[in-house]
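Line order of the protein sequences matches chains A and B.
For the first sequence, numbering that gives the first Met the number 0 gives the first residue as 0, with consecutive numbering after it.
For the second sequence, numbering that gives the first Met the number 0 gives the first residue as 0, with consecutive numbering after it.
Keep in mind that the hints are not guaranteed to be accurate.
[Stated by the list, open to error] With a straight-line Cα cutoff of 16 Å, these simulated EDC-like cross-link-like pairs (lysine to aspartate or glutamate) come out: (1) A:93 / A:108; (2) B:1 / A:109; (3) B:145 / B:173; (4) B:3 / A:83; (5) B:1 / A:78; (6) A:93 / A:78; (7) B:50 / B:165; (8) B:21 / B:131; (9) B:189 / B:171; (10) B:3 / A:111; (11) B:21 / B:102; (12) B:189 / B:203; (13) B:148 / A:83; (14) B:3 / A:109; (15) A:58 / A:111; (16) B:3 / A:78; (17) B:3 / A:64; (18) B:1 / A:26; (19) A:93 / B:180; (20) A:29 / A:41; (21) A:29 / A:64; (22) B:1 / A:83; (23) B:3 / A:74; (24) A:31 / B:102.
[Claimed, not checked] Some, not all, of what chain B presents toward chain A, calculated at C-beta under 7 Å: (25) 2; (26) 9; (27) 13; (28) 122; (29) 127.
Hints were generated in silico from the structure; no laboratory data involved.
It should be emphasised that the depicted structure is a prediction, and the values quoted were computed from it without experimental measurement.
The C-beta atom is built at its ideal place from N, Cα and C for all residues, glycine as well.
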Amino acid sequence: MHEVGIAQGILDIAIENCKKQGYSGIESIKVKIGKAAGVVPDSLLFAFEVAKLDTIAEKASLAIDEIPVSGFCNDCSKEFTVDEAYVVCCPYCKGFSIRIDTGRELNVEEMEVF
Amino acid sequence: MKVKVVTNILEANDRLAAENRKIFQDLGVYVINLMSGPGAGKTSILEQTIKGVNGRIKLGVIEGDIAGDDDARRIGNLGTPVVQINTGGACHLDANMIRVVMDDLPLKDIDILFIENVGNLVCPAEFNVGEDIKVMLLSIAEGHDKPLKYPLMFQESTALILNKIDLLPYTDADLEKMRKDSLSLNPKLKIFDVSCRTGEGIGDWVNWLLTIVKK
Numbered sequence: 000m001h002e003v004g005i006a007q008g009i010l011d012i013a014i015e016n017c018k019k020q021g022y023s024g025i026e027s028i029k030v031k032i033g034k035a036a037g038v039v040p041d042s043l044l045f046a047f048e049v050a051k052l053d054t055i056a057e058k059a060s061l062a063i064d065e066i067p068v069s070g071f072c073n074d075c076s077k078e079f080t081v082d083e084a085y086v087v088c089c090p091y092c093k094g095f096s097i098r099i100d101t102g103r104e105l106n107v108e109e110m111e112v113f
Numbered sequence: 000m001k002v003k004v005v006t007n008i009l010e011a012n013d014r015l016a017a018e019n020r021k022i023f024q025d026l027g028v029y030v031i032n033l034m035s036g037p038g039a040g041k042t043s044i045l046e047q048t049i050k051g052v053n054g055r056i057k058l059g060v061i062e063g064d065i066a067g068d069d070d071a072r073r074i075g076n077l078g079t080p081v082v083q084i085n086t087g088g089a090c091h092l093d094a095n096m097i098r099v100v101m102d103d104l105p106l107k108d109i110d111i112l113f114i115e116n117v118g119n120l121v122c123p124a125e126f127n128v129g130e131d132i133k134v135m136l137l138s139i140a141e142g143h144d145k146p147l148k149y150p151l152m153f154q155e156s157t158a159l160i161l162n163k164i165d166l167l168p169y170t171d172a173d174l175e176k177m178r179k180d181s182l183s184l185n186p187k188l189k190i191f192d193v194s195c196r197t198g199e200g201i202g203d204w205v206n207w208l209l210t211i212v213k214k
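With the hints as constraints, model all of the structure from the sequences given.
The structure is reproduced here in structure tokens:
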């Protein structure tokens with residue numbers, strides 16, 4: 000729902016890093032987005048296409064690496080990875096005492112600059 | 000040329016939120032981020048809270064809405080300092096919006112500042128604004144299936160206010176299931192059953208507020 004703000008955040012980080020390191024433009028940006036981060040990839044791509052106009056990233060492509068939700072169950076001591084965006088209980092024993100390890104990422108990982 | 004970045008996209012917001020929190024802490028203001036879906040009764044619980052506290056501690060309110068100033072008028076009518084934010088479409092408040100308006104409030108004279116977030120059961124839970132705790136409302140009329148459908152807000156909140164319990168006889172909502180599922184998601188969640196309309200349960204909520212601000 001807030002993909003425009005996220006797209007702007009990605010561009011701010013990328014452009015700042017690009018300028019700081021003395022490059023003049025951005026070719027591509029790679030981001031890691033957890034499935035539980037509340038971001039719809041298609042909406043983010045759409046927002047990015049609009050937000051990048053008239054910036055040094057206007058020709059840049061956005062690659063989204065989706066990270067599944069994974070965690071550990073304190074009840075049955077099993078590690079789990081699920082396809083769903085949210086997990087409320089352990090998929091094996093249905094216990095609620097779980098620790099979520101991945102799935103909420105929202106990171107700019109790397110970019111190609113020139 | 001490949002460049003490693005590895006920066007969290009929400010980092011700017013989190014950094015601003017941490018700065019907000021420091022400003023509030025230095026001034027002795029305890030901040031509660033109040034969240035719920037639209038129409039659950041956020042402004043109504045604030046009105047009841049102001050009446051229930053009855054001057055024993057000093058309250059202040061930041062109102063967040065997409066448009067309009069109805070809520071700020073309701074709070075202002077009770078003599079409580081209030082400032083309205085219109086997000087102009089954004090579905091949640093962020094730390095920068097709070098930073099921009101905080102100086103419009105007499106922070107030195109406020110013990111508890113409520114930040115009433117935009118009515119939305121999803122996005123507000125993702126953005127810290129500089130609060131000490133998050134408190135959420137769910138009204139009986141929204142149905143008992145909500146905790147498991149919108150888990151994040153329940154997991155992030157310190158307290159849950161179940162509002163409109165006066166409507167229980169007129170709905171099929173299962174109050175016990177609401178409680179049970181909420182506690183499954185967050186075993187430490189403090190739950191209050193209230194009716195802003197009849198005033199039932201408001202006393203317990205107000206007493207709890209008085210105890211947290213004493214700490």
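Practice item. Return the numbers of the hints above that this structure violates; sort them in rising order. Key: 1, 4, 5, 7, 9, 16, 22, 23, 24, 27, 29
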